[in-house]
Amino acid sequence: MKKHKVVWICLLAGILSGCVGPEQAPQDVADLESINPAGQEIVFWYQHTRIREEALQEMIAEFNGTNPHKIQVRGEFAGGYGDIYNKMVVGLQGGSLPDLVVAYQNQSLEYHAADGIVDLGPYIKSSAWGLSEAEHTDYVQAFMQQDQIAGGVQIGLPPNRSIEVIYYNADWLQELGAEGPPESWQEFARLCRAARDQPFSGNENKERSLGFVLDEDASRLASMVFSRGGSFLNEQGSAYTLDTPEVRASLELMAELLADGSVEMMGEAYGDQTAFNVGECLFILRSTSGLPFVQEGVESGVGFEWDVAPPPHTTPGPVVNFYGASISIGRTTQERQLAAWLFLKWFTEPSQQARWVQASNYFPARRSTQELLTEYFQTNPRYQRAYALLDYGTPEPAVAGYDGVRRMISQAVVKVVQGGKIDPALQKLQREANATLEIY
Amino acid sequence: MPNGSDRGISQWLTYAGLTLTGAAAALPFVWMMLSSFMTRGETLRRVFLPAAVQWGNYIEAWSEEDFGLYFENSLWIALLVVGGTLLFSLMAAYPLACMEFRGREPIFVVILATLMIPETVTMVPNFLTVSWLHQVSPFPWLNSWPALTIPFMASAFSIFLLRQFMRGIPGELFDAARIDGAGHLRFLFQIVLPLCRAPLLTVAMFTFIGSWNALGWPLLVTNTPAWRPIAVALQKFVSEAGPEVHLQMAGAVIATIPVLILYGLVQKEFTEGISMSGLKG
Numbered sequence: 001m002k003k004h005k006v007v008w009i010c011l012l013a014g015i016l017s018g019c020v021g022p023e024q025a026p027q028d029v030a031d032l033e034s035i036n037p038a039g040q041e042i043v044f045w046y047q048h049t050r051i052r053e054e055a056l057q058e059m060i061a062e063f064n065g066t067n068p069h070k071i072q073v074r075g076e077f078a079g080g081y082g083d084i085y086n087k088m089v090v091g092l093q094g095g096s097l098p099d100l101v102v103a104y105q106n107q108s109l110e111y112h113a114a115d116g117i118v119d120l121g122p123y124i125k126s127s128a129w130g131l132s133e134a135e136h137t138d139y140v141q142a143f144m145q146q147d148q149i150a151g152g153v154q155i156g157l158p159p160n161r162s163i164e165v166i167y168y169n170a171d172w173l174q175e176l177g178a179e180g181p182p183e184s185w186q187e188f189a190r191l192c193r194a195a196r197d198q199p200f201s202g203n204e205n206k207e208r209s210l211g212f213v214l215d216e217d218a219s220r221l222a223s224m225v226f227s228r229g230g231s232f233l234n235e236q237g238s239a240y241t242l243d244t245p246e247v248r249a250s251l252e253l254m255a256e257l258l259a260d261g262s263v264e265m266m267g268e269a270y271g272d273q274t275a276f277n278v279g280e281c282l283f284i285l286r287s288t289s290g291l292p293f294v295q296e297g298v299e300s301g302v303g304f305e306w307d308v309a310p311p312p313h314t315t316p317g318p319v320v321n322f323y324g325a326s327i328s329i330g331r332t333t334q335e336r337q338l339a340a341w342l343f344l345k346w347f348t349e350p351s352q353q354a355r356w357v358q359a360s361n362y363f364p365a366r367r368s369t370q371e372l373l374t375e376y377f378q379t380n381p382r383y384q385r386a387y388a389l390l391d392y393g394t395p396e397p398a399v400a401g402y403d404g405v406r407r408m409i410s411q412a413v414v415k416v417v418q419g420g421k422i423d424p425a426l427q428k429l430q431r432e433a434n435a436t437l438e439i440y
Numbered sequence: 441m442p443n444g445s446d447r448g449i450s451q452w453l454t455y456a457g458l459t460l461t462g463a464a465a466a467l468p469f470v471w472m473m474l475s476s477f478m479t480r481g482e483t484l485r486r487v488f489l490p491a492a493v494q495w496g497n498y499i500e501a502w503s504e505e506d507f508g509l510y511f512e513n514s515l516w517i518a519l520l521v522v523g524g525t526l527l528f529s530l531m532a533a534y535p536l537a538c539m540e541f542r543g544r545e546p547i548f549v550v551i552l553a554t555l556m557i558p559e560t561v562t563m564v565p566n567f568l569t570v571s572w573l574h575q576v577s578p579f580p581w582l583n584s585w586p587a588l589t590i591p592f593m594a595s596a597f598s599i600f601l602l603r604q605f606m607r608g609i610p611g612e613l614f615d616a617a618r619i620d621g622a623g624h625l626r627f628l629f630q631i632v633l634p635l636c637r638a639p640l641l642t643v644a645m646f647t648f649i650g651s652w653n654a655l656g657w658p659l660l661v662t663n664t665p666a667w668r669p670i671a672v673a674l675q676k677f678v679s680e681a682g683p684e685v686h687l688q689m690a691g692a693v694i695a696t697i698p699v700l701i702l703y704g705l706v707q708k709e710f711t712e713g714i715s716m717s718g719l720k721g
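Protein chains in written order, with this note's numbering: chain A, 1 to 440; chain B, 441 to 721.
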């Protein structure tokens, strides 16, 4: 019996010893200048598929073939953002971590808290491997700041971003007598009601005529709140601001329009785009990365003139919600971390950025990239118009646990716009969202 | 007592109800088939019928995402999981149903209790175990078939289903076999196994479908297409900005074919297995 017990204890100890800690012992960045990254083989986990993946793989192949250190990057599709997060979470508990990983800021904060990714600050500042002053300032600073946490720790580098804009049916607006897209939310509401009463001439289903299709996604609400001068988080980043006049006004307007039949809730994935494509819906609020999809949808649909504009606003100028995942470097060995940094630096150079944004339709993270996009701007004027709005961008909260809060926001949106009481819903949302900050 | 006319109305209502239910069940499948023949524009416009049948979608779906490889992987994974599940479930169900030993009921209750644990809860410990095995075993577990198949060869549901069926086998059969000199193993494989054809095929069907549709775990334990299943290929037709429904549905039709073939082959036994193991409502 005793012998059996000993065997079991040994087995358990073996299992535990095999399970603790990442594959390689964490390495600090000491004496970065003398590290030699030559010949390192590194892994990059991303979520891109199809055209974007093809472009990314081509660029990786080019890097592998041309970099002087003979670093070899292996790009791996690791599923969607949620799948990558799951892989990272289990990786942090004992599995292997990738050298490069795509992550939203709230996710990379969790990885950083678990010591799974490294501070990019020393790499950026390194005299041998880092960025020059001109290169550093060439990054859109608002994007860089999204990846910075207390103490100036840089937990990721932005390869691209997108913004949320209003897509509008220009032909229908003209039929409604409007001179252009709405600049205020009152005008937006008026046009939604007008669209309900006067279907678009090209719409083959006159039974359904809407001003807007509301997606309960938290980013849509963020766009509405930001354009009213509000935010989701206080300036110190210590508390959510979800029970505010701006959130209230956004939800009340949507509830009102939903009640009078000029707005509908989105009932299926991409249902807003579908309604827009067939001329059943005047406005949709979406990311600029969907521009090619809308273009193809409209062209194959009833066909009409359309364009993009900043969301209506009560602020003096437009305010747009910008977002996008960054790339973080996993904590592995000093050599591999440096190799990963060198790829990341190369990938965000303007010439690579120009190729990447043309394949992905994202916005570049480096200002000087636009000089290489002259032709692309000419052939994609809507992209150019949206790009001009970058300076009006405001990000969503970059705090750990925000994924969960996004789900809470979606639930609150549905509850309120469908007739639920707004005060208790927002108070509950505020309370529960703040509770997530305490966990982290 | 109902007269002929009442019976006629009642029968008509029954058929109408069944037809409606059947149509509701078939609609998603019909929609999938129709969408797989559309252009991307038609799926974006949400039309019901394609203007012209786009056979090219199937060719594109098959070639664009290396479907052949993923398809083959799925087949191997499903066959290994089905084989393992049948073997281990049979071996576990038999003593729980036909043998008397101390702790039999508590063991069965513990096995049943594992059905209540969501997959997400077991994901991390399972991954840690597989990672450890990857490090210590002579053959690789991660990015290979062992991680994709071995953890799923022990299924509480299959054990339960087989045990329920085996409880109906008369004890006299074992007594007779014992008189003829058979032990438990011989009795299991020569007498019980042929009798369990229907529930075994039911287990095989459920296991095959579960394995064929798996996505989360394969993504976790594989990083390259070498052993990735078909569900991963289907996921690649969804991008952040919008889906390619026509290709996704063409891929889904291709992915459904083996399941349909299997169901066609075991339909009779499947229904029998469900009813005989006491699972029907």
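Careful: at least some of the hints might be erroneous.
[Said to hold, decoys possible] Some chain A residues judged to face chain B by a derived CB distance under 8 Å, without partners named: (1) 49; (2) 78; (3) 408.
[Said to hold, decoys possible] From chain B, some residues computed to sit far from chain A (all C-beta separations above 10 Å): (4) 470; (5) 481; (6) 549; (7) 572; (8) 582; (9) 591; (10) 611; (11) 615; (12) 622; (13) 683; (14) 693.
[What the hints assert, rightly or not] Restraint ranges, calculated between C-beta atoms of paired labels, are given here: (15) A/239 <-> B/458: 52 to 62 Å; (16) A/81 <-> B/512: 23 to 33 Å; (17) A/205 <-> B/457: 25 to 35 Å; (18) A/81 <-> B/458: 40 to 50 Å; (19) B/550 <-> A/299: 52 to 62 Å.
Because the hints were derived from the structure by calculation, they are not lab data.
Note that this is a predicted model, so its numbers are computed, not measured.
Beta carbons: idealized from backbone N, C-alpha and C, even for Gly.
A quick look at each hint next to the structure:
Hint status for residue 49 of chain A relative to chain B: holds, with the closest Cβ pair at about 4 Å, below 8 Å. Contact between residue 78 of chain A and chain B, as hinted, is supported at the beta carbon level, the nearest pair being about 7 Å apart and thus within 8 Å. At about 19 Å, the closest approach between the beta carbon of residue 408 of chain A and any beta carbon in chain B exceeds 8 Å, and the interface hint on this residue is violated. Distance check for residue 470 of chain B against chain A: the nearest CB is about 17 Å away, which clears 10 Å, and the non-interface claim stands.
Against the 10 Å criterion, residue 481 of chain B falls within the reach of chain A, whose nearest CB is about 2 Å from its own CB. Interface exclusion of residue 549 of chain B from chain A stands, the closest Cβ pair being 23 Å apart, more than 10 Å. At the 10 Å boundary, the C-beta of residue 572 of chain B falls inside the reach of chain A, the nearest C-beta of that chain being 4 Å off. Once the 10 Å rule is applied to beta carbons, residue 582 of chain B is inconsistent with being away from chain A; the minimum gap is 8 Å.
Residue 591 of chain B, annotated as away from the interface, keeps every beta carbon of chain A farther than 10 Å; the closest lies near 14 Å. With a closest Cβ-Cβ approach of about 33 Å to chain A, residue 611 of chain B is found to remain outside the 10 Å limit, as its non-interface label requires. With a least beta-carbon separation of about 35 Å from chain A, residue 615 of chain B lies farther than 10 Å from that chain, consistent with its non-interface assignment. Separation of residue 622 of chain B from chain A is adequate, the least Cβ-Cβ distance of about 32 Å exceeding the 10 Å criterion.
Residue placement check: residue 683 of chain B does not keep its beta carbon more than 10 Å from all beta carbons of chain A (closest about 6 Å). Distance to chain A confirms residue 693 of chain B as a non-interface residue, since its nearest Cβ pair spans about 19 Å, more than 10 Å. In this structure, residue 239 of chain A and residue 458 of chain B meet the distance hint of 52 to 62 Å, their C-beta atoms being roughly 57 Å apart. Against the hinted window of 23 to 33 Å, the Cβ-Cβ separation of residue 81 of chain A and residue 512 of chain B comes to about 29 Å, which satisfies the hint.
For residue 205 of chain A paired with residue 457 of chain B, a C-beta distance near 31 Å keeps the hint of 25 to 35 Å intact. Hint check: residue 81 of chain A to residue 458 of chain B, Cβ distance near 43 Å, so the stated range 40 to 50 Å holds. The hinted range of 52 to 62 Å is satisfied by residue 550 of chain B and residue 299 of chain A, whose Cβ atoms lie roughly 60 Å apart.
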